[in-house]
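Participant: The chain contents come next:
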Amino acid sequence: MKTRMMAGAALALALTVTGAGSPWAATYMRGNNGNPETLDQHKTSTVVEAHILRDLYEGLVVYDAAAQVVPGVAESWEVSEDGTEYTFTLRNNAKWSNGDPVTAGDFVFSLRRIMTPATGAKYANILYPIKNAEAVNTGDMEPDSLAVEAVDDHTLKITLENPTPFFIELLTHQTGLPMHPPTVEANGADFVQPGIMVSNGAYVLETNILNDKIVLQKNENYHDADNVAIETVNFIPIEDRATCVRAWEAGEIHSCADLPAEDLERLQSEHGDATRVTPYLGTYYYALNHEDEFLSDPEVRRALSMVIDREFLAENIFQGMIPATSFIPPGIGNYETGSPETDYFSMSMLDREDMAIEILEAKGVTPDTPHKLEIMYNSSENHKNVATAIADMWANVGVNVTYNVRDISAHYAHLRDRGDFDVARAGWIGDYSDPQNFLFMVESDNDGFNYSRYENPEYDALMDAAAAETDLTKRSELLSQAEAMFMRDLPFLPLLYYSSLALVSPNLQGWEDNIQHVHLSRYMSITE
Amino acid sequence: MHREEIDILRYALRRLLGAVPTLFLIITAAFFMMRIAPGGPFDQERTLEATVLENLNRTFGLDKPLWQQYAMYLNNLLHGDMGPSFVFRDKRVHEILGEGLPVSMQLGFLALLLALFIGVCMGTVAALRQNSKADYFVVALATFGITVPPFVVAPVLALVFAVFLGWLPAQGWGRADQMVLPVIALALPQVAVIARLTRGAMIEALRSDHVRTAKAYGLPASMVVIKHALRAAVLPAISYLGPAAAALLTGSIVVEQVFNLPGIGRYFVQGALNRDYTMVMGTVVIVAVFVILFNLMVDLLFAVFDPRVRYD
Chain E
127 MKTRMMAGAA
137 LALALTVTGA
147 GSPWAATYMR
157 GNNGNPETLD
167 QHKTSTVVEA
177 HILRDLYEGL
187 VVYDAAAQVV
197 PGVAESWEVS
207 EDGTEYTFTL
217 RNNAKWSNGD
227 PVTAGDFVFS
237 LRRIMTPATG
247 AKYANILYPI
257 KNAEAVNTGD
267 MEPDSLAVEA
277 VDDHTLKITL
287 ENPTPFFIEL
297 LTHQTGLPMH
307 PPTVEANGAD
317 FVQPGIMVSN
327 GAYVLETNIL
337 NDKIVLQKNE
347 NYHDADNVAI
357 ETVNFIPIED
367 RATCVRAWEA
377 GEIHSCADLP
387 AEDLERLQSE
397 HGDATRVTPY
407 LGTYYYALNH
417 EDEFLSDPEV
427 RRALSMVIDR
437 EFLAENIFQG
447 MIPATSFIPP
457 GIGNYETGSP
467 ETDYFSMSML
477 DREDMAIEIL
487 EAKGVTPDTP
497 HKLEIMYNSS
507 ENHKNVATAI
517 ADMWANVGVN
527 VTYNVRDISA
537 HYAHLRDRGD
547 FDVARAGWIG
557 DYSDPQNFLF
567 MVESDNDGFN
577 YSRYENPEYD
587 ALMDAAAAET
597 DLTKRSELLS
607 QAEAMFMRDL
617 PFLPLLYYSS
627 LALVSPNLQG
637 WEDNIQHVHL
647 SRYMSITE
Chain Y
40 MHREEIDILR
50 YALRRLLGAV
60 PTLFLIITAA
70 FFMMRIAPGG
80 PFDQERTLEA
90 TVLENLNRTF
100 GLDKPLWQQY
110 AMYLNNLLHG
120 DMGPSFVFRD
130 KRVHEILGEG
140 LPVSMQLGFL
150 ALLLALFIGV
160 CMGTVAALRQ
170 NSKADYFVVA
180 LATFGITVPP
190 FVVAPVLALV
200 FAVFLGWLPA
210 QGWGRADQMV
220 LPVIALALPQ
230 VAVIARLTRG
240 AMIEALRSDH
250 VRTAKAYGLP
260 ASMVVIKHAL
270 RAAVLPAISY
280 LGPAAAALLT
290 GSIVVEQVFN
300 LPGIGRYFVQ
310 GALNRDYTMV
320 MGTVVIVAVF
330 VILFNLMVDL
340 LFAVFDPRVR
350 YD
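If you're matching them up, the sequences are chains E and Y in order.
Residues 127 to 654 (the working numbering) make up the first sequence, in order.
Residues 40 to 351 (the working numbering) make up the second sequence, in order.
Hint data in this document are derived by calculation from the structure and do not stem from the laboratory.
Quick caveat, the model's predicted, so the values are computed rather than measured.
We treat Cβ as the ideally placed atom computed from N, Cα and C, and that holds for glycine.
Mixed in with the good hints there might be a few duds.
As the list claims (entries may be wrong) - Listed next, with one range per pair, are the computed distances between beta-carbon atoms:
hint, chain 1, residue 1, chain 2, residue 2, range
1, E, Phe438, Y, Phe63, 51 to 57 Å
2, E, Glu396, Y, Ala285, 51 to 57 Å
3, Y, Ala110, E, Gly314, 21 to 27 Å
4, E, Thr653, Y, Ala110, 58 to 64 Å
5, Y, Phe71, E, Ala312, 38 to 44 Å
6, Y, Leu117, E, Glu396, 52 to 58 Å
7, E, Lys489, Y, Phe63, 47 to 53 Å
8, Y, Met262, E, Glu396, 53 to 59 Å
Please put together the full structure from these sequences, using the hints given.
Facilitator: Here it is, written out as structure tokens:
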């Protein structure tokens, strides 16, 4: 017994002397932020999955390296005068990895499947603009009543409920990716398994080991296969950002899709251009409860916003993030008029504080006669630091803060169930690049996201008008007006715009920083 | 079979049968406690549309009364099915845990062996050279090992040996070189505990009557230590194996994360945070079975090392 134990330990020790190999020639070792929850494009909801699915499948439209929408399986499309009918012409040479042609019927099959209630698709609602989609998803209508029609093998017609100028953007989401009907019909939920999955993108699935790696091989049947340089992509799921950085620094992987913010300064100084900080399509904000007596006063909300030093938050807590002066992050698509300017952001912090003190004093709130507010946030070191910093800023103007911390599920369940709160932390990453995807959150009938219970018929009317407007410039103006109203009424206090952080090896060519943080492996190449 | 062996067998069987109601109670308590926690598996940063949520609840049977869900879970479990994960939707819980368990067990087993071997050696040396430099070194190292947690040791090891020296990989599992750092990181605190336990027991054993007698017979010192003293001195280390296994389990949560190992450690925390009900139940079942078996094994091992133990 004892000798056997010793032999085992000796073996373990002996391992220390063997060296580390680096098995990555011609293989893109791609750090991903975690495990995909699924590779089923209809059950997917996370960014981690999006990275993999975009390599495996090609939708009607795709993102290029700079995240601009370009033709994918559809080589062109026409929109009817009233903006509700989209007719896509599919390319002749689009093939599935088994050689079958990609047809309009495949898209019909896929879109019906995502709306079928039994599929349990988390993101089904993103495609609700399609006529009858919601009714199918609630089970009130049969899947074949979905207004998606294969006119012939290469012509697909999609009819919408209302003109939806960002519909093409919507189709870039991974939920819009097609699936191979015979494979899904024959294998059910198992169609996602390696060896079974048939895909139509630049790569096919070879291996999928949870927490270990997902291996993709180049799809020789892909219509643009000649321009795909990388033969093999290994997606390495690394939840811990610091682990990814160490693996990258040790030369084991080519790219990390996120970084620990607290390490950013060191990474920038040590690795220079390999450290990428890019504006991202998202906003970190605090929701204010408009049903609370104190917070129902617009002057109070304005004062609370004014005294928050967002530069401090960006420099000292969430490094890499950008101070927010609007709710919609800059760089978003379909927004040529842009976010309105809010007067106090151009003033100095001292002036802003004086102004806030004045406003609150008039309401009888001073550091000597303070008002109490509770900040609710989901547990995380940085969320805590932000809340503490803001509590400090608010204390100067007579608002005393207490905290209510829950884990993420409990936090969002509380908000969803309309539990009571004063101020609640939240964040939003756009699903598609359009201002509507931000401003719709506080429409009065949005039960899911209007945490603040903001009710303003004027705002709703502007949003309705924008939804009916097919002229993009006019629509953009309407949305700007809506955002101006948002910034005046402050259902949410925008604090920071998100940034995407990444480490990209100098050997990896073709990685272009972009606001969507999408990087298809097919555009990249590796130099040794 | 000897009378003694039959006794041990009967004892083991009795213990295993006794574990069934324990397991049942643990599963029941865990099932209902999990459901008391606020929030559900679909409460994430992005709130789901009501229709969508309803569809999901129906798909996972969450729309049924709780007792029915409980009965269904038990029934599935009896058939070796731990149900679908609420998060990882392409696999069932027992498939996910089945993939990760061998990795965690390998890691834990190697760490335990390493800890036992080095711990016992160090403890013995320290006891033989009591109050010498070697002894102080062992005591100091033991104190260090206990106080510095794996979430410090593990990243430091990775930084030194993977990033700076480039000798070993910083992450992953499967090749021998990938196992070295995680096993050491996980074993280190246990080495410390076992060394201290062994040192104390060895000092006592060296003063005991039978060791003195053995010495008096003129047996060589090495023989006295290995054959007589060590046998008594490893007993505390063996009875520590139960708690050690538990410590390795919790330690592996950190080590697996730092070295990005495909084990099951991550599910203990993530499962609960995600309200992945079936995953939490799966980990509870595994830990419960594991602890029950390990305790039994330790009790049985005692018979090998301590002839005074009888199983009636």
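Participant: Look at each hint and say if it fits the structure.
Facilitator: Results for each hint:
no.	hint	in the structure
1	E:Phe438 to Y:Phe63: 51 to 57 Å	55 Å, holds
2	E:Glu396 to Y:Ala285: 51 to 57 Å	40 Å, violated
3	Y:Ala110 to E:Gly314: 21 to 27 Å	26 Å, holds
4	E:Thr653 to Y:Ala110: 58 to 64 Å	60 Å, holds
5	Y:Phe71 to E:Ala312: 38 to 44 Å	40 Å, holds
6	Y:Leu117 to E:Glu396: 52 to 58 Å	56 Å, holds
7	E:Lys489 to Y:Phe63: 47 to 53 Å	60 Å, violated
8	Y:Met262 to E:Glu396: 53 to 59 Å	57 Å, holds
Going through the hint list in order, the structure does not satisfy hints 2, 7.
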